[in-house]
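Starting from the given sequences, assemble the full structure and let the hints guide the process.
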Amino acid sequence: MPEPVREPQAESGAARAKPKTKRVTDTEFVPMWKVILLGDEEYKEKHVVESLVKTIPKMDKEEARRIYKEAQALGESVVTVVAQEHAEFYATMLRRCSLYVRIEPE
1 MPEPVREPQA ESGAARAKPK TKRVTDTEFV PMWKVILLGD EEYKEKHVVE
51 SLVKTIPKMD KEEARRIYKE AQALGESVVT VVAQEHAEFY ATMLRRCSLY
101 VRIEPE
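Quick note: the sequence shown, position 100, residue 100 per full-length UniProt numbering, numbers continuous.
Quick caveat, the hints were computed from the structure, so don't treat them as lab data.
Backbone N, C-alpha and C fix where the C-beta goes; we use that ideal spot for every residue, glycine too.
One thing to keep in mind: the hints can contain errors.
Simulated crosslink set (DSS-like; lysine-lysine; CA at most 25 Å straight-line) [to be verified]: (1) LYS34 <-> LYS46; (2) LYS54 <-> LYS44; (3) LYS61 <-> LYS44; (4) LYS69 <-> LYS54; (5) LYS58 <-> LYS34; (6) LYS34 <-> LYS69; (7) LYS46 <-> LYS58; (8) LYS34 <-> LYS54; (9) LYS46 <-> LYS69; (10) LYS69 <-> LYS44; (11) LYS46 <-> LYS61; (12) LYS58 <-> LYS69; (13) LYS58 <-> LYS44; (14) LYS34 <-> LYS44; (15) LYS61 <-> LYS34.
Per label pair, the in silico range of CB-to-CB distance [as the list claims (entries may be wrong)]: (16) GLU62 <-> PHE29: 17 to 25 Å; (17) ARG65 <-> PHE29: 30 to 38 Å; (18) ALA83 <-> GLU42: 29 to 37 Å; (19) GLU62 <-> LYS34: 14 to 22 Å; (20) LEU74 <-> LYS46: 16 to 24 Å.
In C-alpha coordinates:
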(Lines of atoms letter the chains of each structure in order from A and count residues from 1; the text may use other names and numbers.)
(Lines give C-alpha, C1' and ligand atoms only; values in the text may rest on other atoms or scores of the structure.)
Protein backbone atom coordinates (compact mmCIF):
# COMPACT_ATOMS: atom_id res chain seq x y z
CA MET A 1 0.00 0.00 0.00
CA PRO A 2 1.48 3.41 -0.97
CA GLU A 3 2.19 5.94 1.77
CA PRO A 4 -0.11 9.00 1.96
CA VAL A 5 1.31 12.20 0.51
CA ARG A 6 2.04 14.77 3.18
CA GLU A 7 1.65 18.48 2.65
CA PRO A 8 4.67 20.59 3.54
CA GLN A 9 4.34 22.04 7.04
CA ALA A 10 4.98 25.69 7.80
CA GLU A 11 7.97 26.31 9.98
CA SER A 12 7.09 26.88 13.58
CA GLY A 13 6.84 30.56 14.41
CA ALA A 14 6.29 31.52 10.77
CA ALA A 15 3.93 34.45 10.34
CA ARG A 16 0.57 33.53 8.95
CA ALA A 17 -1.22 35.86 6.56
CA LYS A 18 -4.22 37.38 8.28
CA PRO A 19 -7.38 37.38 6.20
CA LYS A 20 -8.45 40.91 5.35
CA THR A 21 -11.63 42.09 6.96
CA LYS A 22 -14.20 42.67 4.30
CA ARG A 23 -16.05 45.94 4.59
CA VAL A 24 -19.67 45.68 3.59
CA THR A 25 -21.38 48.86 2.50
CA ASP A 26 -24.99 48.64 1.54
CA THR A 27 -26.39 51.90 0.20
CA GLU A 28 -29.99 50.83 0.58
CA PHE A 29 -29.65 51.20 4.36
CA VAL A 30 -28.08 54.64 4.19
CA PRO A 31 -30.77 57.28 4.69
CA MET A 32 -30.81 59.61 1.71
CA TRP A 33 -31.36 63.37 1.90
CA LYS A 34 -32.54 65.89 -0.68
CA VAL A 35 -30.67 69.13 -1.29
CA ILE A 36 -33.31 71.66 -2.34
CA LEU A 37 -32.63 74.99 -4.02
CA LEU A 38 -35.15 77.65 -3.01
CA GLY A 39 -36.21 80.22 -5.59
CA ASP A 40 -35.35 83.89 -5.06
CA GLU A 41 -36.01 86.98 -7.19
CA GLU A 42 -32.49 88.24 -6.51
CA TYR A 43 -30.76 85.27 -8.16
CA LYS A 44 -28.80 85.77 -11.34
CA GLU A 45 -29.06 82.68 -13.54
CA LYS A 46 -25.37 82.67 -14.44
CA HIS A 47 -24.30 82.76 -10.77
CA VAL A 48 -26.67 79.95 -9.75
CA VAL A 49 -25.65 77.74 -12.67
CA GLU A 50 -21.93 78.27 -12.03
CA SER A 51 -22.36 77.62 -8.30
CA LEU A 52 -24.25 74.36 -8.88
CA VAL A 53 -21.74 73.11 -11.46
CA LYS A 54 -18.81 74.01 -9.19
CA THR A 55 -20.32 72.42 -6.05
CA ILE A 56 -22.22 69.31 -7.15
CA PRO A 57 -20.18 66.48 -8.73
CA LYS A 58 -21.28 65.48 -12.25
CA MET A 59 -23.62 68.49 -12.51
CA ASP A 60 -23.59 69.96 -16.02
CA LYS A 61 -24.73 73.43 -17.08
CA GLU A 62 -27.89 72.15 -18.75
CA GLU A 63 -29.10 70.37 -15.59
CA ALA A 64 -28.10 73.35 -13.41
CA ARG A 65 -30.08 75.68 -15.69
CA ARG A 66 -33.13 73.39 -15.46
CA ILE A 67 -32.89 73.37 -11.64
CA TYR A 68 -32.58 77.18 -11.56
CA LYS A 69 -35.65 77.65 -13.78
CA GLU A 70 -37.71 75.15 -11.80
CA ALA A 71 -36.79 76.81 -8.49
CA GLN A 72 -37.75 80.22 -9.88
CA ALA A 73 -41.05 78.95 -11.31
CA LEU A 74 -42.17 76.63 -8.50
CA GLY A 75 -40.33 78.09 -5.52
CA GLU A 76 -37.95 75.16 -5.08
CA SER A 77 -36.15 72.40 -6.96
CA VAL A 78 -34.34 69.24 -5.87
CA VAL A 79 -30.65 69.61 -6.72
CA THR A 80 -29.48 66.13 -5.69
CA VAL A 81 -30.27 63.22 -3.37
CA VAL A 82 -27.31 61.93 -1.36
CA ALA A 83 -26.28 60.66 2.07
CA GLN A 84 -26.90 63.15 4.89
CA GLU A 85 -23.23 64.06 5.37
CA HIS A 86 -22.87 64.95 1.68
CA ALA A 87 -26.17 66.85 1.69
CA GLU A 88 -25.00 68.96 4.62
CA PHE A 89 -21.69 69.65 2.88
CA TYR A 90 -23.32 70.66 -0.42
CA ALA A 91 -25.82 72.87 1.40
CA THR A 92 -23.00 74.64 3.25
CA MET A 93 -21.04 75.19 0.04
CA LEU A 94 -24.09 76.52 -1.83
CA ARG A 95 -24.94 78.85 1.06
CA ARG A 96 -21.40 80.23 0.81
CA CYS A 97 -22.31 81.10 -2.77
CA SER A 98 -25.26 83.14 -1.41
CA LEU A 99 -27.88 80.59 -2.49
CA TYR A 100 -30.85 79.61 -0.34
CA VAL A 101 -31.01 75.86 0.16
CA ARG A 102 -32.43 73.39 2.63
CA ILE A 103 -32.01 69.68 3.14
CA GLU A 104 -34.63 67.13 4.12
CA PRO A 105 -34.88 63.35 4.33
CA GLU A 106 -36.08 61.63 1.20
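Hints and how they fare:
1. About 23 Å separates the Cα atoms of LYS34 and LYS46, which keeps this hinted pair within 25 Å; it holds.
2. For the given pair, LYS54 sits about 16 Å from LYS44 by alpha-carbon distance, which is consistent with the 25 Å threshold.
3. The hinted pair formed by LYS61 and LYS44 meets the criterion: a straight-line CA distance of about 14 Å does not exceed 25 Å.
4. Taking the CA atoms of LYS69 and LYS54, the gap is about 18 Å. The hint holds against a cut of 25 Å.
5. At roughly 16 Å between alpha-carbon atoms, LYS58 and LYS34 fall within 25 Å of each other, so this suggested pair holds.
6. Note on LYS34 and LYS69: the hinted pairing holds, with a Cα-Cα distance of about 18 Å set against a maximum of 25 Å.
7. Straight-line distance between C-alpha atoms of LYS46 and LYS58 comes to about 18 Å, which keeps the hinted pair within the 25 Å bound.
8. Between LYS34 and LYS54, the direct Cα distance comes to roughly 18 Å. Compliance with the 25 Å bound is thereby established for this hinted pair.
9. Distance check on the hinted pair: LYS46 and LYS69 sit about 11 Å apart at the alpha-carbon level, within 25 Å; holds.
10. Our distance criterion of 25 Å between C-alpha atoms is met by LYS69 and LYS44, whose separation comes to about 11 Å.
11. At roughly 10 Å between alpha-carbon atoms, LYS46 and LYS61 fall within 25 Å of each other, so this suggested pair holds.
12. Between LYS58 and LYS69 the CA atoms are separated by roughly 19 Å; this keeps the pair inside 25 Å, and the hint holds.
13. About 22 Å separates the Cα atoms of LYS58 and LYS44, which keeps this hinted pair within 25 Å; it holds.
14. With a CA separation close to 23 Å, the supplied pair LYS34 and LYS44 stays within the 25 Å bound.
15. With a C-alpha separation of about 20 Å, the suggested pairing of LYS61 with LYS34 holds against the 25 Å cut-off.
16. Taking 17 to 25 Å as the suggested C-beta distance range, the pair GLU62 and PHE29 does not conform, at roughly 33 Å.
17. The beta-carbon spacing between ARG65 and PHE29, approximately 34 Å, falls within the hinted interval of 30 to 38 Å.
18. Here the CB-CB span from ALA83 to GLU42 is close to 31 Å, well matched to the stated 29 to 37 Å.
19. In this structure the supplied range 14 to 22 Å holds for GLU62 paired with LYS34, their Cβ-Cβ distance being about 20 Å.
20. A beta carbon spacing of about 20 Å between LEU74 and LYS46 agrees with the range 16 to 24 Å that was offered as a hint.
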